[in-house]
Every structure is written in C-alpha cells, then in structure tokens.
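Peer 1: Protein chains in written order, with numbering that gives the first Met the number 0: chain A, 0 to 394; chain B, 0 to 394.
If a hint is listed, it holds; no wrong ones were tucked in.
You can't tell identical chains apart in this list, so a pair holds if it fits in one copy or across any two.
Below, simulated BS3-like cross-link-like pairs (lysine-lysine); rule was C-alpha separation at most 25 angstroms, straight line:
id, residue 1, residue 2
1, K393, K377
2, K242, K46
3, K323, K393
4, K320, K393
5, K339, K320
6, K229, K139
7, K217, K46
8, K53, K223
If you are wondering where the hints come from, they were derived from the structure by calculation, not from laboratory data.
2 protein chains.
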Amino acid sequence: MLKLTHRASGRHFLQIPGPTNVPDRVMRAMDNATIDHRGPEFQVIGKKVLSDLKKVFQTEGPVVVYGASGTGAWEAALVNTLSAGDKVLMYETGHFATLWKKMSERLGLNPEFIAGDWRQGVEVSRVAARLEEDKQHEIKAVCIVHNETSTGVTADIAAIRRAIDSANHPALLMVDTISSLASIDYRHSEWGVDVTVAGSQKGLMLPPGLSFNALSDKAIEASKSSRLPKSYWAWNDILEANKNGFWPYTPSTTLLYGLSEACDMLLEEGLQNVFARHTRFARATRRTVEAWGLEVFCANADALSSSLTAVMMPEGHDADKFRKIVLDNFDMSLGVGLSKLAGKVFRIGHLGDFNELTLMGTLAGVEMGLSLAGVPHKPGGINAAMNHFVETSKF
Amino acid sequence: MLKLTHRASGRHFLQIPGPTNVPDRVMRAMDNATIDHRGPEFQVIGKKVLSDLKKVFQTEGPVVVYGASGTGAWEAALVNTLSAGDKVLMYETGHFATLWKKMSERLGLNPEFIAGDWRQGVEVSRVAARLEEDKQHEIKAVCIVHNETSTGVTADIAAIRRAIDSANHPALLMVDTISSLASIDYRHSEWGVDVTVAGSQKGLMLPPGLSFNALSDKAIEASKSSRLPKSYWAWNDILEANKNGFWPYTPSTTLLYGLSEACDMLLEEGLQNVFARHTRFARATRRTVEAWGLEVFCANADALSSSLTAVMMPEGHDADKFRKIVLDNFDMSLGVGLSKLAGKVFRIGHLGDFNELTLMGTLAGVEMGLSLAGVPHKPGGINAAMNHFVETSKF
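Chain A with its partners taken away, still in its complex shape (with noise of 0.2 angstroms):
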C-alpha cells in the first residue's frame, strides 16, 4: 500500500485552492469495483450523473464530461467551436487566463488579450467598447475566467453576456469556473454562457481526472462549422453516446461513482446553501487578514472571491519561505503565487468540502506561521473569524 513518506499525526491541513479535500462520503464511493462500462448498470450511473450536473451548472443544456484536467476542458471548448485564425477575446485577469490565452495561441487561434490589473479582474466596460468596435464580428468568442485561480478575483460573468448583447455581437462566450463551480453561484442557463469549463477537484470536491464542457445550442451549432482538428475531445460523438448515458470510449469510472455521490451531497445541502456557506467563510477569512493587518490581494469590493483569498506579503518576507514553515511546523498546504506573484502572495482554499472549524484551524495556523517567519502582523487576527462565526451562527 502506498504510504506518503511524511508521518504526521492526524489529517493534512489541504488547504491550497484546489485540489480540495475529497469527503469520506465520496471515498467509500469511488472504493467500488470497476464495472462494464457498456452494461446496464453503469447506464444507470452514466444517466443520473449527466442528469445531475445539470442542476450543479444551473443549465437546461447538455454537460460534456471529459476524463482530462481541466486545462483539457479548456481545450475542448476552443476546438470544438473556432477554426484555424479565429479571432477570441481574452482578458488577463491573471495566471490561469494567461494560459488560456498561450493555448489559444497554440491551436492556431488568434487571442486579443486585453491587458489587465490583476488586482481588480475583468472591466466590462473595456470588453464592451472592444465588441462595439468590432462591427465585421472578427471575434468569434470572448473567453472569461470566472474566479481567478491565481488571485482570488471574480468576474461578472451576467454582465459580460450583457455586454455582448448590447453590442448585438454574435461572439460565443466562454467561461472558466474551474475554482467557482459549485462554491460560488454560477448560472450557465440564465447568464447565457455558451461554453462552461469545470473540473472535478474544487468544489465539486472529488479527485481531479474529470472535466466538463458545459454546452449552450449555440455551441453546438457552432461546433457543426469548427474546422479546428478535434478527435478526443469532439463533442458530438459524445453527445451522441450520452444520450443512452455512455460515453464513445472509456470513461473514469470510479471518479464518475465519486461524482454521483458529490452531487447528491451538494444537492441535498442545497446549491444556494453551498454557495452561502463558502461566503460565510470566505468573509470570515478576509475579517481575518484585515484584523492582522495584511492586505487581500483582491483590490474589487465587487470581485471577492469566496472560494479563496490570496493574501499580500509584506515587502520585504517571502511567501514561499512562509508556507514552507507553515507547511513543516503545520502540515498545511497553502497556495503559492504564480507567476509575477511568486513570492509576493500566499493563498488560503476555503472552498469544498469544509466546515468552521477546520477554517479556524487553517487560519490558526497562517497566523502561527506569520509570528514564526518574523511577519509583522497584529497577533489575535483570528479572533475576527469567530466573532463573524458568532455574529452568524445558525442557533
């Protein structure tokens, strides 16, 4: 059996942004036999977990699931809809979007990137104008990051579609909710997203190895006319398959019975308690990094995200030597900066499945790694957590 080298007493504090901690409910799921992934019981899974999704992306419309990352998913929305040159509208909201856009350059496509402040996320305003301007409809899609990865910032994911119908533009949108879906409200449906890409290891709280294409009829319309190659990730033999609740070639079947069960466990909790939850802690976390001091990256009041919070490290300390205290003293996993943050910012995962305590325990010891990596911060921070935990306690 495999055995992680570290032997520390009791559970690894996993509290990076994802992956997220895989509750015991889903475990004892995924630890059944692999079955015939043609036969009639898997049918009946296959089924149930197209069926459920739906709910989890709020959409009336098909959910593509995909044995890949979510990078995968990314790629499956690209190629299944744009040809060779298309122009796509991107926004550098920071890390994960930047890739996004690299990978849009690697297949042929032609990414308008519009700059960014990483600190503040998505100006809709600046994406308006830019779809205004483009009376020939040179743009094919606006790709968007939902929630920030790599910062802790949102968009306004309603407000974007808004903006393209106002400039009447026929441009596909695309979002990415790899850390949003199923911790902060998302509405493939009602916002008019034509494209979701999500994967399995955030909020839906599983292992990563699924990720999903969430499809409106305009995407599919548009995937019949797409001239960019496409084999693995080509819907329509998918969407096909899906119909009888199998897929054209093997799919994960252990994550998919950890799916299942995921799902009903966020629908029996209740997607708008779900998502009320991550704000509860979310709120608590930041009361927190305000009470030591420290500032959230996140400089938008409208932008915060519930799924994470990356905090700013004073000039002067490193972050990363930072979470390799907390990480050896602690046996916590916290989040690294990436890329033109490394170093500067650590960030906290509050999202999946957890509960209040943990939250404390996670805040607990960022606040003992600050006094031990000599980080100037008021001490007793985290007594701003409970107090907002007991300013909204249940009973």
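For this one, chain A is given, so just place chain B on it according to the hints.
Peer 2: Only chain B this time, still in chain A's reference frame:
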C-alpha cells in the same frame, strides 16, 4: 450504504476523550476482506500484532487481545486472577473507578473503596498506609485507573508499585489504561504492573471493539489458582493459541488489520514522540482554558492528563446546553460530564490521531460555543494555545 442523517460540510470534530478519530491509514488497512482465522496468512498477522503490542505496552510479557470493549477487559483482569470474596483495594478517582468497583461487587469480590477527591486523584500515601495495615494480606489486588477519563486526572503508577513493595505486600497491581495507553507514557514491566487493561478506541486510534490485558508472570501464576468462573475471558486457552498467532475462538479480523497498522504508525513515530505530542497539546489546551478564565477540573499539578482536559463550567451554566450549542453550530462533539459531574464539566479530548491545527479548530469551537452560550470568559483565549505552539515549534 449507511448515510448519517446529518449532512454537514467537512469532517465532524470528534473531540470526546475517545473513541478518537481513526486515521485514513487504519481505515484503509481495515478495508480488506476477512480471511481464514485458522490459516497461514492470519498467523503472520496474529504473531505480528502480539509482538507489536508488547512494544506499545512496554512489556516483555504477553498481551491478551479480546473482541470486547474495555469494560470486558476489566472483567477479564478480575476473573482471571481472583476468587469469590477476595478483597480488592480500589481508589475512587472518578466515574470509571466507581464502575470498576461496582463490577467487582457483581462478580462476588469484596472491594474496599478508598474515598477520593476526584480533582486530586490518587493519594499514594493512603494506599501505602492501607497496605501496611493489612498484615494478614487480605487484599489480593490493588486496582487503579491510570488516567480517569471522567476527570482528566492521572495516577502515579510507579509510586503505587513502590508502596506495594515497601509494605512487602503480595497484592497484584491492576491498572486501567483505557484512555492513557499510547497517549501518556505507560510502562507495564518497568512499573511492575500485573494486569494492564486497555481498549482499542483511544490512543490506539482504532474503532471500539478490541480490548487488552497485558500480563506479568505473577498474574499468570495467580490465574492458575483463581476460582472465579471464566470461559470467554480465560487467559490460558488464549495464551496457548497465541503462541502460534491464533485465537481459540473467532478473532475480530479486520480490527486486527487496523491494529497492525496503528502499531506501525505509533512505532514509526516513536512512542516517546507520541507521548511528547500529547503533552504539548494538553499544555496548549490548559493555557487556553486559563486564558479564558475558566478552571481545569484537575486540581493537582502532578496529575494533569495529556489525553483530555475536563473544564469546569462556571456556576449557573449548564455544560450540556453548551455542548449542544457547539454540536449544533460547529459539528463538534465534546465529552459529557459523567455521574456527579453531569452538567458541571465538559471534556476536551486531545488524544489519538490529532494535530496542532485540529486542536486550534477544537479550541476555537469551544470559545465560540462559550460566546453563543453566554458563558462568561475572556475572549481570545485560543491565542494562548497559538503562543504555546509557536514557542515550542519544531522548525
């Protein structure tokens, strides 16, 4: 599949003083098929756990394993060594010492119960005086609870051994280590204990279901002339079968898988490290209790428990109402006050598979519960635990 009715996000905080949280490694080890308990594969496991247990009990002698709760192992200790009407000297340290005394009455023994102050624990001089008096050697056994789970007060077992020896008294020494084994230093051989009683569900990090008697030569000798009726509990058949790694009747196979893994974990960490970890968590807990302005139930500085802390509820406040508020709001179970302490104390378990951040979550849950229950206390007491961890940090 069993689904607990309560759907809370994240892991339940099981902070009673046992049963404790079962680590994933132990869960995985138990999650294997039942095998032939008379077969060669079982024999390897049987021999291994019987050998490992000697290290955990710090004994060279045999350790008998029962499929039973700790209460069963108490009974086994008595019925294997004593005869009807035998006088046993017991000490009222709390609820569990009292239960053991009641059991001895039901079994036809003649307990002499030294009335004790539950907050002070065993006054060894009183045991010594009673043994000195007993020139006829009517007392056949001295039965002591090492760590009173109901109070968080420990007894000095080595000192009791010295008292027996000073009196040149032949009484057997029997010790209940149900909530101390593998949490608080305990040395069966070095301290000259004749029968050590233990259970699986505390420091051993297993589910309930196994219990233990560690035996001295003298105890085995006594079992040969003991006349209390016994069959299930009889050591002789078990010791005979154990020589080959088997049991005379069906052993709890999957719990033994878990026991093997738990012993591996304890021995990998090193027993002294395990004890030091528990001591550190207990100190952090007590510093926090004091910072709240509340009182630790144990009033004897030499008898403080490392596996749990019982906290006195201020006059006019009900510990059980408080515990309910904590459970309802923060999904944490704290230990109930037992018999005469009902409603007057709550108990924080900090034993078993546990770490700094889980303790911080635990203490935060207590502090928030105190606020919600309107129990007077100084807010921010948990900062004292953080200070303790920072001052005693490893790196």
